[in-house]
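K.L.:
Single-letter residue listing:
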Amino acid sequence: MNTQSTNIRVVVTGLGVVAPNGVGLKAFSNAIQKGVSGIRFFKELQALNFSCQIGGMPEVSKELKNNYFTELELKNFNSTGILYAVIAGMDAWKDAGLNCKPTAVDFASGTVFGSGNLGVDKFRESILNIDAGRVRRLGSTSVQQTMSSGASAYLSGKLGLGNLVTSNSSACATGTEALILAYERIKAGKATRMLAGSTSDGGPYVWGGFDALRILPYNFNERPEKASQPMSASASGFVPGCGAGALVLETLESALERKAPIYAEIAGVALNSGGQQNGGSMTAPNPEAVQKCIKEALNDAQITGKEIDAINGHLTATTKDAEEVLNWSVALNRTGANFPYINSLKGMTGHCLSASGSIEAVATVLQMKEGFVFPNINCEKIHPEILKIVAADCVPRKLVKQPLRYAIKASFGFGDVNACIIFKQKNNDPR
Amino acid sequence: MTQDKIYQTLETIISTYLPEDVSNKTITLQSNLTSELNINSSHLVDIVLDIEDAFDIAFSNDDMQSIQTVGDVIQLIESKTT
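Chains as they are written, first to last, in our numbering: chain H, 1204 to 1634; chain Y, -4 to 77.
No false leads were slipped in.
One side only, chain Y facing chain H, incomplete, derived with CB under 8 angstroms:
1. Thr11
2. Tyr12
3. Ser37
4. His38
5. Val40
6. Asp41
7. Leu44
Taking lysine-lysine pairs in the DSSO-like style, the calculated list, with each CA pair at most 27 angstroms apart, reads:
8. Lys1278(H) / Lys0(Y)
9. Lys1278(H) / Lys20(Y)
10. Lys20(Y) / Lys1304(H)
Far from chain H by the CB rule (all over 12 angstroms, computed), these chain Y residues:
11. Tyr2
12. Gln3
13. Thr4
14. Leu5
15. Ser18
16. Ile22
17. Ser61
18. Gln70
19. Thr76
Keep in mind that the hints were calculated from the coordinates and are not lab data. We treat Cβ as the ideally placed atom computed from N, Cα and C, and that holds for glycine.
Could you build the full structure based on these sequences and the hints that come with them?
P.N.:
See the structure below:
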């Protein structure tokens, strides 16, 4: 399948982000260029006997909340996933120069805003009430705060979106998948503009299952900012995170017509699954499918691997990082010093789960717009298996200032699902 | 409890749920909660919970069905607090 069968070109015109190391585009851009970690220690996790007592969680003040929600909306509100999504989504909409106070429905604009699970704290609150025989005390918003389409539902109301309004879910591939689904909607001529993004709650009830899987680092509770080490020789597991990222996608025609800022163009996309075969499983990717997904995205963009300037990997800081780098190398057909730059945001934010793809896509597009490659932090010693594939210089440990023509981003999720997107620099930016 | 006292407490509760373009000055005993004060019908559930907390009473499902106006609510509260 090639999505280039229509003449519609799709560009990114707005960005919004709520990340552990920066809330808002400016703070986030500054943090990723400086290599600032957003990983913190949580007393609550210690009290609950978690092995890993650290995580990445955005800090959202009461004042900031009040800019996006009415007092009434915040009454009995207890869904951080929706909070992050609304801030990131509305920020992206505003950044694109669009109206955040609609007076009429806009049938040309929609949203795909995904989540892994949503409103977990609200759900817990409800469950405790129900188990105590107090179901009638749940209040009126327990459904809207816990339904998996909650983020898109809140956003569509705030922005007056009248096209497709939905929420996708594909574990840690959710964010990148949301972008691709939104892109395909526009490409198919069915929408002019789509708000694409994803969100994830955080905290013990989201992170507990991963702690139980023993895949989180447990020796860094006293030095949280050092814990997440993608591609490092001493990587010892992923640090759980949360947050939201959002991108406004629209037709090039519409962007030019309304003189919108253009960050980048989407050049090609691919989605697939390894079917949990050939080494793939519920929790591990089938390498054949990963390589196929990357190759399909290249094919969709009608470019070859040698045109890629930077890779933003999934790279969670587990033993699978070297395998991922090998998959990139095979799919792009590049090795050694000929390999493009590769980085992982997770060193700074932890693994934001269903929000990771969209937060990392925001970082990738910012890199392209501003001409830099952010540093891989906590990677003083690169994993020896990775150094067998690529030269050390391709894994920048310091900020690299360089224009990027093509940047590629992939996310992989439980269930053996893969998503890959290629961004292309857009030069005729009217801003 | 006097009707005045009940009204004061109730007015504070109801004001929380009024749409931004409806002033609490428009609240009268005859005001219909949903059709005149434009309160989202799902918020009637929250108003009832707030009333239950404020007056330490409980509303049955039938009680909730009977509520139309501010006056209806006051009557119900009176019947449960005396």
